[in-house]
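Here's the letter readout for the chains.
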Amino acid sequence: MSKINLTIDGVRYEDEVEPRMLLVHYLREVAGRTGTPIGCDTSNCGACTVLLGSADGEQLSVKSCSMLAVQADGSDITTIQGLAEAGGQWHPLQQAFHEEHALQCGYCTPGMILAAADLLRDNPHPTEEQVRDGLEGNLCRCTGYQNIVRAVLRAASQGVGS
Amino acid sequence: MTAPTETVTGEIGKRRARKEDARLVTGQTNWTDNIALPGLLHVAFLRSPQAHARILSVDVSAARRLPGVVAAFSGADFAAEQGSLPCAWPVTPDIVIPAHPPMATDEVRYGGEIVACVVARDRYMAADALEQIDVDYESLPAVLDMESALTEGSPKVHEAGNKSFKWVFANGDIEAAFRDAPVVLERTYRQQRLIPCAMEPRAVVCAPVADEYTLWSSTQIPHVLRVMLALVTGVPEHKLRVIAPDVGGGFGSKLQVTAEEVLTLLIARKLGRPVKWCESRSEGNLSAHHGRDQLQRIKIAAEADGRLRGLSVDLLADMGAYLMLVTPGVPLLGAFMFNAIYKMDAYSFKCTGVFTTKTPTDAYRGAGRPEATFGIEHAMDDLAAQLGIDPLALRERNWIGHSEFPYTTIAGLTYDSGNYEAATAKAVELFGYDDLRKEQAERRESGDPVQLGIGISTYTEMCGLAPSRVLGQLAYGAGGWEHAAIRMLPTGKVEVVTGSSAHGQGHETAWSQIVADKLGVPFEDIRVLHGDTQVAPKGMDTYGSRSLTVGGIAVVGACEKVIEKARVIAAGLLEVSGDDLEWSPGRWSVRGDPEQGRSMAEIALATFAAHALPDGVEPSLDSDATYDPDNFSFPHGTHMCATEVDTETGQVRIRRYVAVDDVGNVVNPLIVDGQVHGGLAQGIAQALYEEAAYDADGNLLTTTLADYTIPSAADLPTFVTDRTQTPATTNPLGVKGVGEAGTIASTPAVVNAVVDALRPLGVTDVEMPCTPQRVWRAIVAARGATA
Chain X
1 MSKINLTIDG VRYEDEVEPR MLLVHYLREV AGRTGTPIGC DTSNCGACTV LLGSADGEQL
61 SVKSCSMLAV QADGSDITTI QGLAEAGGQW HPLQQAFHEE HALQCGYCTP GMILAAADLL
121 RDNPHPTEEQ VRDGLEGNLC RCTGYQNIVR AVLRAASQGV GS
Chain Y
1 MTAPTETVTG EIGKRRARKE DARLVTGQTN WTDNIALPGL LHVAFLRSPQ AHARILSVDV
61 SAARRLPGVV AAFSGADFAA EQGSLPCAWP VTPDIVIPAH PPMATDEVRY GGEIVACVVA
121 RDRYMAADAL EQIDVDYESL PAVLDMESAL TEGSPKVHEA GNKSFKWVFA NGDIEAAFRD
181 APVVLERTYR QQRLIPCAME PRAVVCAPVA DEYTLWSSTQ IPHVLRVMLA LVTGVPEHKL
241 RVIAPDVGGG FGSKLQVTAE EVLTLLIARK LGRPVKWCES RSEGNLSAHH GRDQLQRIKI
301 AAEADGRLRG LSVDLLADMG AYLMLVTPGV PLLGAFMFNA IYKMDAYSFK CTGVFTTKTP
361 TDAYRGAGRP EATFGIEHAM DDLAAQLGID PLALRERNWI GHSEFPYTTI AGLTYDSGNY
421 EAATAKAVEL FGYDDLRKEQ AERRESGDPV QLGIGISTYT EMCGLAPSRV LGQLAYGAGG
481 WEHAAIRMLP TGKVEVVTGS SAHGQGHETA WSQIVADKLG VPFEDIRVLH GDTQVAPKGM
541 DTYGSRSLTV GGIAVVGACE KVIEKARVIA AGLLEVSGDD LEWSPGRWSV RGDPEQGRSM
601 AEIALATFAA HALPDGVEPS LDSDATYDPD NFSFPHGTHM CATEVDTETG QVRIRRYVAV
661 DDVGNVVNPL IVDGQVHGGL AQGIAQALYE EAAYDADGNL LTTTLADYTI PSAADLPTFV
721 TDRTQTPATT NPLGVKGVGE AGTIASTPAV VNAVVDALRP LGVTDVEMPC TPQRVWRAIV
781 AARGATA
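Quick mapping for you: the protein sequence lines, in order, are chains X and Y.
Sequential numbering from 1 applies to the first sequence in my numbering.
Sequential numbering from 1 applies to the second sequence in my numbering.
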């Protein structure tokens, strides 16, 4: 067993984990952050995407199924459950996904929103094509992506990544 | 009738953002895999690595000895209690329905069939223990090709042989139609095998308490599942509660009674402890049912001007290794759709269901209708090319005119309404048909290596499954009704209980809109309850684009009963006769004296108090209704696709896609557009990207999302969608189904566009999916043939 220290959605965790435990299983089953789902076992679908950074650094999107919990030692993680502001105000991406009907079953949504947050951080004013290319690693089976693209462009127009 | 613009006065027709989203965008979801219970154990299944083999022995003893392992079982441990997985659709009297034990006992017939299981304290321990199970197999020959499976001397999948059934339908004199026909078109098309790939993998949890069980499953059909689990396992129906919590997509793949659901229940019963099973994606690709997989032989007889005389369809449909819940019925839904929107003198349909050593097939979005629509729409384009006439003109020459409705088709269905002229005219305009044809001619003229193709699909489909009487005639094992109940709460809030079981469709929002209009209560004051047999005790669940056209109408019926009960109680409160009251949404008031009245909230509170109800009136406004449709619903539309095909690389790019759909009246345009977008993506995916591929030994090659390439945002265009609105005449809301229309229409539109681009090169078909390699090979083959 290995000891890890990390922060998830603003709360500090210290746990003993098996070295082989995937980060996504740690998030879901040890930390109880079940808002992050699992959609595949080959890192293709992106449903398990979270934002991860060092304690003082910038957060980047990672697929939490393709990382071990021990590799996240010392990191600061934001899941979909920590994206809204304290007090419950939704992040503009959450609001945009809702208003543009960018989700149906909602299973890909946490990963899609967090991948989009990273995309806009990297490129605050993307073109439609850049949004489509930027979200290539996140699969959705319900929406045909049309409204997801709209939602991300809408959030961009509201200055999310700026 | 066609209403080009939507006028909205109430909730119905409003672009309401969904109620469901609040939990889904914040991660407060309740997927089955999220369920945690004290002492919950994890199940892992060992699956056959071979397509076809005899099981000589299974030894689970080493697995049992590992720390953390609570139990390990082989098929023999369940032999006395596991029964056979149900097939509810024995389509012919002499159909072969082989025994289908949830856990194989003596033979495996597809790679992925369950042979053993482990129950352990966590999923890692369970996975470790699986590796300690020793199974001895004797390999048997794989049976992979339908045509050779039916030949004398083929290895057998089942003792009874490889033919499950042959189903035939005929109307009109088909021989006369072909005799001396000026034009005959003969084609064979292949419908490749697909994997539905809902984003949420399947998962099951079962918790026993004494001799009662609660089972959570990522299912589309909690009500059907409860009945079937009771019948298969002997757990009495009243001691089994089935819950479909948040379900992450289905597309037909969760319209099933699975081996894993049965076994999870049996394991919980054996151990008396709560257990969970969650599949991995690769496990799901192997063992959750597949879709499509047909060989279609199509013959059309026509006059020289293109008027259709007769259509003959002879299908081979791959059942896979076993018949699951509705496996044999899926291709037969297509029997009524090959004739599509066209008039003709004669029609003949034959379908042979064939067993192979592959994963069983069953419903996948559209279930039989996409296959049929592909066949006829591809053939219509081919016929137009053969006759040298515009494919739109050929369709117009043959389709049912809007003044001819209701129209009874050659397949025996009565289409209540439609306006193919209006939908097509709108699509032509939005698409820029004439300009694109001009550009196509220029590119052909100049020998541009990137050719432009235009594909058309003027589809209709039958959905809103289904009139129970018709299902009975087709030998289906259940009815097609739906149930709804309204509970009026003392404070005037409303709970709507529905037997529809949403898994992404947005019923909580759409049903709220319907009830808000009918009862005149605010949208926000309504909550919709579903997906739990204890909360919503009656239902036929969600598939076949049936929820709004059947379940939604049941909601309307329940509302009407509430309103009538409220009239009686309001009359008592106002001390007038019920006949003297008039209803305006949300309020009963005295005719001619509208000041004198009671709102629904006031009536609800007075009913709760029950102090001053008329004699003999029960203190309840609650009502329920069960609706059985008289007919299917027939959405239709015209889709047009322009593709750019690089003749040097075979690369296909969708340049423009226009979908004009007519789904009757629209409850929520936002949701309808979303359904169309998603449907288009899956239909385009069949045309260009997806195929469940097997190697020569019967191993599935596409077990991951790296191999089974469902499209990403980068692979799809922005769609242009619009509607015409011809209300259904068969239900009080005038609505038609929309869940499958996009998928049904789009596959032939895209393939027709690919082929159209290449016709000058001599290409007449490209097998799906039209990957660059397939397209390039088709070009090379055609060049070779013409050289």
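Some hints could be false.
Claimed, not checked - Taking lysine to any residue pairs in the SDA-like style, the calculated list, with each CA pair at most 20 Å apart, reads:
no. : chain 1 : residue 1 : chain 2 : residue 2
1   : Y       : Lys19     : X       : Trp90
2   : Y       : Lys538    : Y       : Ala478
3   : Y       : Lys565    : Y       : Asn631
4   : Y       : Lys19     : X       : Gln81
5   : Y       : Lys14     : X       : Trp90
6   : Y       : Lys19     : X       : Glu99
Calculated from the structure, these hints are not laboratory results.
Keep in mind it's a predicted model, so treat the numbers as computed, not measured.
The hints, checked one at a time:
For the given pair, Lys19 of chain Y sits about 15 Å from Trp90 of chain X by alpha-carbon distance, which is consistent with the 20 Å threshold. The suggested pairing of Lys538 of chain Y with Ala478 of chain Y holds, with an alpha-carbon distance near 13 Å, which does not exceed 20 Å. About 29 Å separates the Cα atoms of Lys565 of chain Y and Asn631 of chain Y, which puts this hinted pair outside 20 Å; it is violated. Between Lys19 of chain Y and Gln81 of chain X the CA atoms are separated by roughly 18 Å; this keeps the pair inside 20 Å, and the hint holds.
With a C-alpha separation of about 23 Å, the suggested pairing of Lys14 of chain Y with Trp90 of chain X is violated against the 20 Å cut-off. Between Lys19 of chain Y and Glu99 of chain X the alpha-carbon distance is near 11 Å, which keeps this suggested pair within the 20 Å criterion.
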